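**Student:** Whole structure, please, built from the sequences with the hints as guidance.
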Amino acid sequence: SEIPADVPQDYTDLDYPPGIAEDYYEFKINDPNAFFLRAQDNCMSPEIKNGDLLLIYPNEKVENGDIAVIVNNKGQKEVRRVTFQADEIILTAENAKYPVIVWTAEDDVKIIGRVKEIIRRRGILSYHFIKLPHWGQWEGG
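Numbering-wise (this note's numbering), the sequence shown opens with residue 521 and increments by one.
Hints are computed from structural coordinates only; laboratory data are not their basis. Careful, some of the hints might be misleading.
Stated by the list, open to error - Label-pair restraints from in silico Cβ distances:
1) GLU546 - GLU608: 37 to 43 Å
2) LYS617 - ILE549: 28 to 34 Å
3) LYS548 - VAL622: 33 to 39 Å
4) ALA606 - LYS548: 36 to 42 Å
5) THR624 - GLU546: 40 to 46 Å
6) GLU608 - LYS581: 16 to 22 Å
7) ALA616 - ARG640: 16 to 22 Å
What the hints assert, rightly or not - Using 25 Å as the maximum straight-line C-alpha spacing, the simulated DSS-like pairs for lysine-lysine come out as follows:
8) LYS630 - LYS569
9) LYS630 - LYS581
10) LYS548 - LYS581
11) LYS594 - LYS630
12) LYS617 - LYS569
13) LYS581 - LYS594
14) LYS548 - LYS569
15) LYS581 - LYS569
16) LYS617 - LYS594
17) LYS569 - LYS636
18) LYS581 - LYS636
19) LYS548 - LYS636
These numbers come from a predicted model, not from an experiment. Cβ atoms here follow ideal geometry from the backbone N, Cα and C, with glycine treated the same way.
**Tutor:** Okay, here's the thing in structure tokens:
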């Protein structure tokens, strides 16, 4: 599946039957509902680059400072570092060329999941695995 990190459109579900996929990656996954998305821009560069695969854990709590996939009631999906503040979610890109986004309760925000791993494509078939540290430790308001 694919998700743009800053373009308001749906991700691509390739409609593969169970057990069949576009690519296969073998490593330990602790969330039975984990899934991959492919980044489609450089808003989180240098940490996440266009074309990187993102392993998303939908059952893991997202805390301040985590990188997460978030969607609002208009269908706008974002991959950003999140900060919870009062009645707002502040979405920050790593790349300074992208603006900070502030969503409120009116945006009916849904957190899809936390970015747990980044798989960076290097060359045609080699991949580099990057483990994300846990950034946030305190609860958002």
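**Student:** Can you confirm whether the C-alpha distance between LYS569 and LYS636 stays at or below 25 Å?
**Tutor:** Given that 25 Å is the threshold and the Cα spacing comes to 15 Å, the pair holds.
**Student:** Hint check: LYS548 vs LYS636, CA-CA at most 25 Å. Holds or violated?
**Tutor:** 12 Å, holds
**Student:** Run the distance test for LYS581 versus LYS636: straight-line Cα separation, threshold 25 Å.
**Tutor:** It holds: about 11 Å lies between the C-alpha atoms, which stays within 25 Å.
**Student:** Given the range 16 to 22 Å, decide if the beta-carbon distance of ALA616 to ARG640 lies inside it.
**Tutor:** 21 Å Cβ-Cβ, so the 16 to 22 Å window holds.
**Student:** Hey, LYS594 versus LYS630, does the alpha-carbon distance stay inside 25 Å?
**Tutor:** 11 Å, holds
**Student:** Does the hinted range 33 to 39 Å hold for LYS548 and VAL622 at CB?
**Tutor:** Hint holds: Cβ distance 36 Å, inside 33 to 39 Å.
**Student:** Okay, GLU608 versus LYS581 on CB: inside 16 to 22 Å?
**Tutor:** 18 Å, holds
**Student:** For the range 36 to 42 Å, tell me whether the beta carbons of ALA606 and LYS548 fit it or not.
**Tutor:** At roughly 37 Å between Cβ atoms, LYS548 and ALA606 fall inside 36 to 42 Å, so the hint holds.
**Student:** Quick one, are LYS548 and LYS569 close enough, alpha carbons at most 25 Å?
**Tutor:** Given that 25 Å is the threshold and the Cα spacing comes to 23 Å, the pair holds.
**Student:** Between LYS581 and LYS594, does the CA-CA distance stay at or below 25 Å?
**Tutor:** 23 Å, holds
**Student:** Hint check: LYS630 vs LYS581, CA-CA at most 25 Å. Holds or violated?
**Tutor:** Measuring from Cα to Cα gives roughly 12 Å; hence the hint holds.
**Student:** Mind checking the alpha carbons of LYS548 and LYS581 for me, to see if they're no more than 25 Å apart?
**Tutor:** 19 Å, holds
Hint compliance for this structure: no hint is broken.
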